[in-house]
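Chains as they are written, first to last, in UniProt numbering: chain U, 1 to 102; chain A, 1 to 91.
I should point out that these hints are in silico values taken from the structure, not numbers from a laboratory. Hints may be right or wrong, so weigh each one.
Derived BS3-like pairs (lysine-lysine); straight-line CA-CA distance at most 27 Å [claimed, not checked]:
#1 U:K46 to A:K49
#2 U:K23 to A:K24
#3 A:K40 to U:K23
Cβ pair distances, simulated, as ranges [as the list claims (entries may be wrong)]:
#4 A:R79 to U:Q10: 30 to 38 Å
#5 U:T55 to A:T53: 34 to 42 Å
#6 U:Y5 to A:A27: 19 to 27 Å
#7 U:T68 to A:A27: 28 to 36 Å
#8 A:S54 to U:S71: 47 to 55 Å
#9 A:N50 to U:R36: 19 to 27 Å
#10 A:D16 to U:T68: 35 to 43 Å
#11 A:A64 to U:L82: 47 to 55 Å
#12 U:M72 to A:R79: 22 to 30 Å
#13 A:N50 to U:N28: 31 to 39 Å
#14 A:S58 to U:L82: 30 to 38 Å
#15 U:Y76 to A:Q86: 16 to 24 Å
#16 U:T15 to A:D68: 35 to 43 Å
Partial list, derived from the structure: chain A residues whose beta carbon lies under 10 Å from chain U [what the hints assert, rightly or not]:
#17 R23
#18 P51
#19 I55
#20 K69
#21 A72
#22 R79
Even for Gly, the Cβ is constructed at its ideal location relative to N, Cα and C.
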Amino acid sequence: MSANYDEATQRELQTFVEQETAKAQMQNTIHEFTNRCWESCITSAKSNQLDSKETSCLQNCVGRFIDTSQSMMPAYSVLRRLTTAETANVNTLSVEPALVVT
Amino acid sequence: MSSSASGLNLSSANKDEVKQRVRKEMAMANAQELVNNINKNCYQMCLSKNPGTSISSSDETCLARCMDKFLASWDVVSRAYVSRVQQEGSP
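Please model the complete structure; the sequences and the hints are all you need to start from.
As structure tokens, then:
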């Protein structure tokens, strides 16, 4: 189907989709942060405005959450190594239960 | 099938229309998510402790304030997140 589009059109649409996907991911992250930080910073709705304490709490919450995820970066490389090792194991092991059943 | 092949050649006007439609859908989904989150968090804040047989006027006041506050929080979080991302060049 996509073969009917010329190459420039394909490339243009692909870039568009990539950009929109990145935007959507960012929006989802913001929703997630808002929920998380709302929970830790906002305890009542006595007024319809944020006070200065709540505002700075929200800002700190976003900052510290990003700091946390960045300090977890080394853990990601460990995790990646573990999961690739595990998938390899699972693949070799998956043959065995089949043998047990028969 | 051969006749539909010509239909698949997007003119630039069509392309823009498709893009515009995608953007609109994305904005709708984003707004939908925001409304869901307001619902969830403000129910939690205003009603979860004492749901009652009907919504009272003080519940309604709480919900209205909560909605304003949630939108303001979403705005503060968006700004904080975007400025942090821009500072670092990548998320």
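Evaluation of the provided hints:
no.	hint	in the structure
1	U:K46 to A:K49	holds, 16 Å
2	U:K23 to A:K24	holds, 13 Å
3	A:K40 to U:K23	holds, 24 Å
4	A:R79 to U:Q10: 30 to 38 Å	holds, 36 Å
5	U:T55 to A:T53: 34 to 42 Å	holds, 37 Å
6	U:Y5 to A:A27: 19 to 27 Å	holds, 26 Å
7	U:T68 to A:A27: 28 to 36 Å	holds, 30 Å
8	A:S54 to U:S71: 47 to 55 Å	holds, 48 Å
9	A:N50 to U:R36: 19 to 27 Å	holds, 25 Å
10	A:D16 to U:T68: 35 to 43 Å	holds, 41 Å
11	A:A64 to U:L82: 47 to 55 Å	holds, 49 Å
12	U:M72 to A:R79: 22 to 30 Å	holds, 24 Å
13	A:N50 to U:N28: 31 to 39 Å	holds, 32 Å
14	A:S58 to U:L82: 30 to 38 Å	violated, 52 Å
15	U:Y76 to A:Q86: 16 to 24 Å	holds, 23 Å
16	U:T15 to A:D68: 35 to 43 Å	holds, 38 Å
17	R23	holds, 7 Å
18	P51	violated, 17 Å
19	I55	violated, 15 Å
20	K69	holds, 6 Å
21	A72	holds, 5 Å
22	R79	holds, 8 Å
Checked against the numbered hints given earlier, the structure breaks hints 14, 18 and 19 and satisfies all the rest.
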